[in-house]
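*Asks:* Protein chains in written order, with this note's numbering: chain D, 1 to 298; chain V, 1 to 60.
Derived from the structure by calculation, the hints contain no laboratory data. Be a bit skeptical, because a hint or two may be false.
[What the hints assert, rightly or not] Derived lysine-lysine pairs resembling DSS-like cross-links, with alpha carbons at most 25 Å apart:
hint, chain 1, residue 1, chain 2, residue 2
1, D, K163, D, K55
2, D, K170, D, K208
3, V, K12, D, K65
4, D, K245, D, K133
5, D, K163, V, K30
6, V, K30, D, K55
7, D, K296, D, K133
8, V, K30, D, K208
9, D, K65, D, K113
10, V, K12, V, K30
11, D, K133, D, K229
12, D, K33, D, K296
13, D, K113, D, K55
14, V, K30, D, K65
15, D, K208, D, K163
16, V, K12, D, K208
17, D, K65, D, K55
18, V, K30, D, K210
19, D, K163, D, K210
20, D, K113, D, K163
21, D, K210, D, K170
22, D, K113, V, K30
[Unchecked claim] Label pairs and their computed distance ranges (CB to CB):
hint, chain 1, residue 1, chain 2, residue 2, range
23, D, P249, V, E24, 50 to 58 Å
24, V, I33, D, D284, 38 to 46 Å
25, D, D289, V, E24, 29 to 37 Å
26, D, D297, V, L15, 22 to 30 Å
27, D, D64, V, E41, 52 to 60 Å
Just so it is clear, CB atoms sit at the ideal spot from N, CA and C, and this is done for glycine as well.
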Amino acid sequence: MEFPRVISSSIRESFSRCPQKFYWDTIVGLVPKGAPSVHLAAGSAYAAGLEAMRKSYYSEGDYDKAIALGLQALIIAYGPHDPEPWETKTLERTIAAYVEHLVQYPPATDHIKPSQGIGPRVEFSFALELPYKHPTTGEPLLFAGRFDQLAEFNGALFIFDDKTTGSISKYWRQQWDLRSQITGYVCGAQELGYNVIGAIIRGMSILKTKCDTQEAITHRPQWMIDRWKTRLYYDVERMLDCWAKNYWPHQGEENGGCTTYGLCNFYALCTAQQPEHYIDVGYDRMRWDPIEREMKDS
Amino acid sequence: MLTADQLNDLRKRALANEHVSQEEFAAAVKQLIADRLSSFEKPTKTSSKKATPVNLDDLI
Chain D
1 MEFPRVISSS IRESFSRCPQ KFYWDTIVGL VPKGAPSVHL AAGSAYAAGL
51 EAMRKSYYSE GDYDKAIALG LQALIIAYGP HDPEPWETKT LERTIAAYVE
101 HLVQYPPATD HIKPSQGIGP RVEFSFALEL PYKHPTTGEP LLFAGRFDQL
151 AEFNGALFIF DDKTTGSISK YWRQQWDLRS QITGYVCGAQ ELGYNVIGAI
201 IRGMSILKTK CDTQEAITHR PQWMIDRWKT RLYYDVERML DCWAKNYWPH
251 QGEENGGCTT YGLCNFYALC TAQQPEHYID VGYDRMRWDP IEREMKDS
Chain V
1 MLTADQLNDL RKRALANEHV SQEEFAAAVK QLIADRLSSF EKPTKTSSKK
51 ATPVNLDDLI
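So that you can see chain D by itself, here it is in the shape it has in the complex:
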């Protein structure tokens, strides 16, 4: 059991959804055995392809080299797993999404470009020190995040993030106006001294026969960032309280969270009287490191 030294948006989201889920995935450090989720594999591969393409193009300007590096990175990130036949996000469709991006937003004329520092600010990371101590090491807790670009648009600085989805719903744009993850990114960049005024989210829907794109521009006024910080501190205090009491409420039982995004990964454990009997059969002992951006043994 280990309390996280770094809090990320996804760790916090897991806790908000269900402290018991947070207990299994972050405190104990469990991931289901077997192939990774196809949604995760496709999303990561698409992001890896665009990252490699942008880094190369916006530093060297060689289009052929950039698109080649992008495809190579995408294929390697997708890995050797083939999803079930009924799944949409196959390697072929993920490559189709990468190609659709190049068709709709050729890097030479893309209206959004990464800002330039030592190089193009692609894959931008930040970490903020929180006013709380780690319960076992006594070191300050950190809040960390990473987004796709610190971008320039119309002479202003924006957070930029690519998102993949199944289909783009009616309220796809509005969902970003209040999304805590985006507010955290804006706050993180501002605290590093960048005058970021909002975020641009570029969505790519990956379907069996076509790919669609849509873009959302959303702003973050100071009052919204202050509200986000208050909630972040509230959540961290609750995490520390759960740790101190070693009590992790099964929130999913109250809000339907066990089946909201498909079946929760820990359904088998929460439906067992003695869940520890099922851990080694169904789970690997690993946890996500938000700084290194990789799974590590827990």
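Given the coordinates of chain D, work out where chain V should sit on it, guided by the hints.
*Replies:* For chain V alone, coordinates are given in the frame of chain D:
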């Protein structure tokens, strides 16, 4: 048109750390872009069936 077999071959070699040249990757992407662009040029399918004129007097 880039075939699924060609794509799978590229994937197999990339994952096996075999040498795949940048030119080969770039050619694959360019071919896929060309395939996608050609779909913009295809005319929209129209139905060969024409609406049958209706005598309005028959409707009353």
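*Asks:* Please go over all the hints and tell whether each is borne out by the structure.
*Replies:* Structure-based check of each hint:
{"no.": "1", "hint": "D:K163 - D:K55", "result": "holds (18 Å)"}
{"no.": "2", "hint": "D:K170 - D:K208", "result": "holds (20 Å)"}
{"no.": "3", "hint": "V:K12 - D:K65", "result": "holds (21 Å)"}
{"no.": "4", "hint": "D:K245 - D:K133", "result": "holds (17 Å)"}
{"no.": "5", "hint": "D:K163 - V:K30", "result": "holds (23 Å)"}
{"no.": "6", "hint": "V:K30 - D:K55", "result": "holds (19 Å)"}
{"no.": "7", "hint": "D:K296 - D:K133", "result": "holds (23 Å)"}
{"no.": "8", "hint": "V:K30 - D:K208", "result": "holds (21 Å)"}
{"no.": "9", "hint": "D:K65 - D:K113", "result": "holds (18 Å)"}
{"no.": "10", "hint": "V:K12 - V:K30", "result": "holds (20 Å)"}
{"no.": "11", "hint": "D:K133 - D:K229", "result": "holds (17 Å)"}
{"no.": "12", "hint": "D:K33 - D:K296", "result": "holds (14 Å)"}
{"no.": "13", "hint": "D:K113 - D:K55", "result": "holds (11 Å)"}
{"no.": "14", "hint": "V:K30 - D:K65", "result": "holds (12 Å)"}
{"no.": "15", "hint": "D:K208 - D:K163", "result": "holds (17 Å)"}
{"no.": "16", "hint": "V:K12 - D:K208", "result": "holds (23 Å)"}
{"no.": "17", "hint": "D:K65 - D:K55", "result": "holds (11 Å)"}
{"no.": "18", "hint": "V:K30 - D:K210", "result": "holds (18 Å)"}
{"no.": "19", "hint": "D:K163 - D:K210", "result": "holds (16 Å)"}
{"no.": "20", "hint": "D:K113 - D:K163", "result": "holds (17 Å)"}
{"no.": "21", "hint": "D:K210 - D:K170", "result": "holds (18 Å)"}
{"no.": "22", "hint": "D:K113 - V:K30", "result": "holds (22 Å)"}
{"no.": "23", "hint": "D:P249 - V:E24: 50 to 58 Å", "result": "holds (54 Å)"}
{"no.": "24", "hint": "V:I33 - D:D284: 38 to 46 Å", "result": "holds (39 Å)"}
{"no.": "25", "hint": "D:D289 - V:E24: 29 to 37 Å", "result": "holds (34 Å)"}
{"no.": "26", "hint": "D:D297 - V:L15: 22 to 30 Å", "result": "holds (23 Å)"}
{"no.": "27", "hint": "D:D64 - V:E41: 52 to 60 Å", "result": "violated (24 Å)"}
When the structure is compared with the earlier hints, a violation turns up for hint 27 alone.
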